[in-house]
Amino acid sequence: MIKHILKIIWNQRRSNGWIFAELLVVVSILWVMTDSLLVDKYTYYSPLGFDIEDTYKVQLGILAPGTPGYVDDSLLTTRQGEDVLRLAGLLRQAPEVEEVSISHVGCVYTENRSWSQLYRADADTFIKANFRQSTVSPEYFTVLRMKDTEGNLLGPQIGQRTGGVITSDLERLFYGADVSARGKAVKYHPDNTDEMVILAVSGPVRESEYKKSIPFFYYIPSQPEMIRQIEEAQAVGIDCLVRMKSGFRPEDIERFLQGMGERLTVNNVYVSSVVPLSEMRTGILKKSEDTMKKKSALVSFMLINVFFGIIGTFWLRTQARQGEIGLRMALGSNRSRIGSLMNCEGLMLLVLTVPLVLVFILNMLYFDMLDTIRLPYTWWRFAVTFGGAYLLMAGMISLGIWFPMYKAVRMKPAEALHYE
Amino acid sequence: MFKQYLKQALNMLRENRLISLISILGTALSIAMIMVVILVFQVQLTSFVPEVNRDRMLYVENGTEVKAQNSWSRGNMSVEAVRECFYSLKTPEAACAWATRFSPLSLPGKQMFRTYTIYYTDPGFWKIYAFSFLEGKPFSEADFSSAIPQAVVCESVAKQLYGTTQVVGKPVIIDRMSYTICGVVKDVSRAADTAYGQVWTPYTTNRVLSDMAFMENMSGAFNVCLLARETSGFDAIRQELKGQMARYNSTKKEVQINFFHNPISRFDKAIGTSGQIKVELKDYLTEMGGLLLFLLLVPALNLMGVTQSAVQKRRSEMGIRKAFGATYGDLVRQVLYENGVITLVGGVIGLLLSFLLLPLCRSFLLEKADTVLQSDMLFKPGLFLVALLFCLLLNLLSAGIPALRIARQQIAASLKGEESEEM
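Respectively, the protein sequence lines represent chains A and B.
15 is the number of the first residue of the first sequence in my numbering; add one for each residue after it.
160 is the number of the first residue of the second sequence in my numbering; add one for each residue after it.
By construction, these hints were calculated from the structure, which means they are not laboratory data.
Every residue gets a Cβ at the ideal spot worked out from N, C-alpha and C, and that includes glycine.
Check the hints yourself; a few may be wrong.
Far from chain B, by Cβ distances over 10 Å, these chain A residues were calculated [unchecked claim]:
hint: 1; residue: Thr-48
hint: 2; residue: Glu-303
hint: 3; residue: Phe-315
hint: 4; residue: Thr-367
hint: 5; residue: Val-368
hint: 6; residue: Thr-392
The list that follows gives simulated cross-link-like pairs (lysine to any residue, SDA-like), each with its CA atoms no further than 20 Å apart [what the hints assert, rightly or not]:
hint: 7; chain 1: A; residue 1: Lys-421; chain 2: B; residue 2: Arg-173
hint: 8; chain 1: B; residue 1: Lys-437; chain 2: B; residue 2: Phe-453
hint: 9; chain 1: A; residue 1: Lys-300; chain 2: B; residue 2: Leu-519
hint: 10; chain 1: A; residue 1: Lys-300; chain 2: B; residue 2: Cys-520
hint: 11; chain 1: A; residue 1: Lys-71; chain 2: A; residue 2: Gln-333
hint: 12; chain 1: A; residue 1: Lys-225; chain 2: A; residue 2: Thr-305
hint: 13; chain 1: A; residue 1: Lys-142; chain 2: A; residue 2: Tyr-189
hint: 14; chain 1: A; residue 1: Lys-55; chain 2: A; residue 2: Lys-307
hint: 15; chain 1: A; residue 1: Lys-226; chain 2: A; residue 2: Tyr-284
hint: 16; chain 1: B; residue 1: Lys-472; chain 2: A; residue 2: Gln-333
hint: 17; chain 1: A; residue 1: Lys-307; chain 2: B; residue 2: Val-196
hint: 18; chain 1: A; residue 1: Lys-308; chain 2: B; residue 2: Lys-472
hint: 19; chain 1: A; residue 1: Lys-301; chain 2: B; residue 2: Asn-221
hint: 20; chain 1: B; residue 1: Lys-527; chain 2: A; residue 2: Met-306
hint: 21; chain 1: A; residue 1: Lys-201; chain 2: A; residue 2: Tyr-284
What follows is a set of in silico ranges between Cβ atoms, one per label pair, in the way DEER data are often shown [to be verified]:
hint: 22; chain 1: A; residue 1: Lys-309; chain 2: B; residue 2: Ser-299; range: 49 to 55 Å
hint: 23; chain 1: B; residue 1: Ser-433; chain 2: A; residue 2: Ala-199; range: 37 to 43 Å
hint: 24; chain 1: B; residue 1: Ala-306; chain 2: A; residue 2: Leu-90; range: 43 to 49 Å
hint: 25; chain 1: A; residue 1: Thr-91; chain 2: B; residue 2: Ser-299; range: 23 to 29 Å
hint: 26; chain 1: B; residue 1: Gly-268; chain 2: A; residue 2: Tyr-58; range: 42 to 48 Å
hint: 27; chain 1: B; residue 1: Asp-370; chain 2: A; residue 2: Thr-296; range: 40 to 46 Å
hint: 28; chain 1: A; residue 1: Thr-296; chain 2: B; residue 2: Ile-436; range: 50 to 56 Å
hint: 29; chain 1: A; residue 1: Lys-309; chain 2: B; residue 2: Thr-390; range: 33 to 39 Å
hint: 30; chain 1: A; residue 1: Glu-67; chain 2: B; residue 2: Lys-318; range: 33 to 39 Å
hint: 31; chain 1: A; residue 1: Ser-260; chain 2: B; residue 2: Lys-539; range: 36 to 42 Å
hint: 32; chain 1: A; residue 1: Tyr-202; chain 2: B; residue 2: Gly-268; range: 47 to 53 Å
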């Protein structure tokens, strides 16, 4: 049967040539798309390292001179940093609020980033690199429900102590695979004397769903130091993150804020607006998700074209071979055999593309053109993408052959022979 | 002769309905996808209200770098940097510094917390962009220099706050500060990525914003937009900017400012260059060219097989025509014209389909969510020419080779109906 089909294909190589070329182009591009969509999806479902459910970002403001409510410098008894901390305290006391944290460049799903060098306090050799870092209050880990490498919540482990928290990526980089970093010290500069003790090690943290995890460092300063940093960055540049009690809906924010009234202002620092982190997430992820949708659109485009191409080619072939089909039927072939012959022909054309596509895949791997950073190239990745692409194509081909096959099989032998 | 081809082509279409339908649909789909790609680029590049001078504009957005010995800051610039490097330029027709913030709008006695895009800028803004005022007028030079809290609001904000657009003179509280509305404009589409806002007001009224200055007063919150006198004036502006930058840097002790590859033109922005990342034209062309070629190639391969068999069926007819004196060129032209009918019909359907697809898919095709599409963004005369060009390309690709092949066949072979090409 297979030899017979191969012979038929070879005999019609002129017109088969175009459809073969199309199948080759389409299956190659389809494989590239399936591969990149697979990596995106796989990365999406890996753990993020934090949880933003019921979490909101509070934007703080500073009253300018001349605005109603402005407290003149001469009348102030507290520093701006102390006012910010007091405001956070007032928010924390509200019944709808579970926890509030203050941080500098600690908000997630934003374009703001801060990098800094970091060194082990106990080593002679240094890794000179910049790491993502944030200055945070101890409640930060409770607000974002961050966990350590064993899966336990970090908040209770840290309490109200000062020091540092690093992620497991940084721990592995600094201390190797099996050494725990707890209790060890780090510093910002090799010549610094003030060190920060690592209080806990968090699980891997990623910036967003489509990125790979990178080393992070969180510095929990003492209260005076925190106040100083708040004033340097100015209250408007501070990230105040709030976790509301579960059951609180984003639509209730307006009502909640209006209910807080005067408690939203401490001297010249006030709460300007509140945004759910889920909204910020949508904004940050938009670009990646748009690219995925565009790739899916291209995949659909290709599959529809293959469908059209297959229908067209096999329809014309059926028409031209009416005589042959009639003859076969007159000589005793039953209808379903003719149908399956056509199906096999189409699928055989697809199978013939396999060696060429394998060469293409090997080339792509050799020239490192695939995304192996987020997901290493393993056998299952190959099986899923290669198999997926070919299954889709086989499906489209079978679908495309169905109509011409239906027509061919319904032909009456006498009529078909009469044509000839 | 044309009428003859047209009649023959229509007859051919009728003869094999399924194949004709597939060919036309395939062409329509291909042209639709291509035109959607072109339209998305067009929305990025072409001028429309209020950004009517896009061809003459230069941008410095999020493109400031201030370097000290041990640290650097990348982002926007301070008011001092704007003044020293950009307001001092003589070559451009106008310059404007701007920054946007999301702040709540309230009414006196009614504190509200829903945020809007507040656009803080200077009088140069109104010279660069064309806004039509439904009521009132823009804030003036005097308002800017004296930091008088005047604000221009868009139509939908006026309606949300007061239920009407007759709001000139009424108060609006932007984030605890009281402003007076001096004008109302029509809503701006988010596709106008540099001019978009919901409220426009002088930045001098926001002390926090204008006083924001780090790293020896160079780094801050502002972007800059310049309007050149003519499109050829870009280089002169860049030269003058270099001079002003050097002069400003010489007044600082430990830090230096630079603007990467900025100021960039609208075309640079359309191909993907941003304040800190430059996209080379050749990289963009390779990617875009590859995509368009792919969108043409796959349907062309489809059509080639179909055209080939259709043309082969008429071997004897071609042979007779050749015997009667038709030239090589005549036969090729015949095939191309007849196929052209299919591609043109498919092309028209495709173009119409693209105008339907773009609004439907704009949530992932366009950069900003909820972008309103205006007719002056989409309907440009050049667009139809581009669509025609792609139809012709598709025609050539799909019918060219079969046409050349059939025309080259020997007369005797064609007349004999020789089975050199089996179906």
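Pair hint Lys-301/A and Asn-221/B, alpha-carbon separation not exceeding 20 Å: holds (18 Å)
Val-368/A and chain B, when compared Cβ to Cβ, separated by more than 10 Å: holds (19 Å)
Given pair status - Tyr-189/A, Lys-142/A, alpha carbons within 20 Å: The given pair, whose Cα atoms are some 15 Å apart, holds under the 20 Å limit.
Agreement of Lys-472/B and Gln-333/A with the hint, judged by alpha carbon distance not exceeding 20 Å: With a Cα-Cα distance of about 12 Å, the restraint between Lys-472/B and Gln-333/A holds, given a limit of 20 Å.
Pairwise hint evaluation, Lys-472/B against Lys-308/A, where the allowed Cα distance is 20 Å at most: The hint is violated at about 40 Å.
20 Å Cα cutoff - pair Lys-300/A, Leu-519/B: OK: Lys-300/A and Leu-519/B at ~17 Å, within 20 Å.
Consistency of beta-carbon spacing, Ile-436/B to Thr-296/A, with hint 50 to 56 Å: violated (23 Å)
20 Å Cα cutoff - pair Lys-225/A, Thr-305/A: holds (14 Å)
Agreement of Lys-421/A and Arg-173/B with the hint, judged by alpha carbon distance not exceeding 20 Å: holds (19 Å)
Pair hint Lys-55/A and Lys-307/A, alpha-carbon separation not exceeding 20 Å: Distance of about 12 Å is within 20 Å: holds.
Distance restraint hint 36 to 42 Å, applied to the beta-carbon atoms of Ser-260/A and Lys-539/B: violated (52 Å)
10 Å Cβ clearance of Glu-303/A from chain B: Contrary to the label, Glu-303/A does not stay out of reach of chain B, its closest Cβ about 7 Å off (not over 10 Å).
In the structure shown, a violation is registered for the earlier hints numbered 2, 3, 8, 11, 15, 18, 21, 24, 25, 27, 28, 31, in ascending order.
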